[in-house]
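Participant: First to last, the protein sequences are chains F and A.
When the letters of the first sequence are read in order and numbered with this note's numbering, they come out as residues 1 to 114.
When the letters of the second sequence are read in order and numbered with this note's numbering, they come out as residues 1001 to 1173.
In case anyone wonders, no lab produced these hints; they're calculated from the structure.
Treat each hint with caution, since some may be false.
[Stated by the list, open to error] Once the Cα atoms are required to be at most 20 Å apart in a straight line, the calculated EDC-like pairs of lysine to aspartate or glutamate come out as: (1) Lys1068(A) x Glu1100(A); (2) Lys1068(A) x Glu81(F); (3) Lys1068(A) x Asp82(F); (4) Lys1068(A) x Asp73(F); (5) Lys1068(A) x Asp74(F).
Listed below are the residues making up each chain.
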Amino acid sequence: MEATIVLVLVLGLLFGGMTLMLASGFVSTERERARQAEERRPAEASPPAVPASAPLLFLSPRPAVPEMRFVFDDVLISRLEDHVRLEQAVVAHFVDQPSIDTLYHQTGSSFHIH
Amino acid sequence: MSEELSKTDLVQGLSADRVRRLETFCRLRRLRNGEYLFLLGDTAQYLSVVVEGRIDLCFPMHYGGTVKDVTIESVGSGQTVGWSALVKPYRFTLSARAVEPAQVMDFGRHDLLQMFDSDPEIGRVLMSRISEIASIRLATFQALWVRELQRSLEAEASGLAALGRQPGTGVKP
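Chain F extracted, bound-state conformation (with noise of 0.2 Å):
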């Protein structure tokens, strides 16, 4: 009579164990398939022109531009760069003179990182 008792409570628990993983299993799968396909989901369409109400420090408005491929290479570098020039000097100006309008004086550098 016990090792009946031990052999349903051992068969109750494989079974049970058995069930949980299947059920886990399941449960990352979807997981998996609903993150893959988050990440196929077709881009935002890219931001339209800034509206006019809000001041804004850096950003001016422009005409949307057809999207180009964003190549790495040495003309792009050397633009960065010029960007980081004309940024050092109006920052040095700052670290001179800390003011707010130090702070934010603009470049009319032509790069935007955003």
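Starting from the structure of chain F, add chain A where the hints point.
Facilitator: Then chain A, alone, in the frame of chain F:
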């Protein structure tokens, strides 16, 4: 060489005699165009003074599987690089490379610290110079970072406004 060292920003305020003493510990190093003085992450063993040429300080930037070093500051004759050699954790936080044939004077950390012990005046002046360099670097990059944050904020706000949402909450007005 004393004359060259005496013109550098590092030793301004030191007597000629102390400059000569300092010079006994330095090692002259020549760099070819494009040769790296040190790399980001290297253990900082030497403080270096540029005697000739230009050294660019760079950060690696990644895009599309490509990594390139982008210059964020340029250092010329008479200026100091590698002050991380005297500040814990003694690791370089950016890379430095010569952009033309260059010559630097290297001062080893242990030699400098021994000299500071034997002649505190040298230590006071050098650490004061290094504090100035570090302070200017901190203020500069703080301001550069804030300017980029401002740009990010404006880009975020303009993007959200165009979608008919309030900036910061993502909720429609």
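Participant: Check the hint pairing Lys1068(A) with Asp82(F) against an upper bound of 20 Å on the C-alpha distance.
Facilitator: holds, 15 Å
Participant: Check the hint pairing Lys1068(A) with Asp74(F) against an upper bound of 20 Å on the C-alpha distance.
Facilitator: holds, 9 Å
Participant: Are the Cα positions of Lys1068(A) and Glu1100(A) separated by 20 Å at most?
Facilitator: Judged against 20 Å, a Cα distance of about 18 Å means the pair holds.
Participant: Given the hint that Lys1068(A) pairs with Asp73(F), does the C-alpha gap stay at or below 20 Å?
Facilitator: holds, 9 Å
Participant: Straight-line Cα separation of Lys1068(A) and Glu81(F) no greater than 20 Å?
Facilitator: holds, 12 Å
Hint compliance for this structure: every hint is met.
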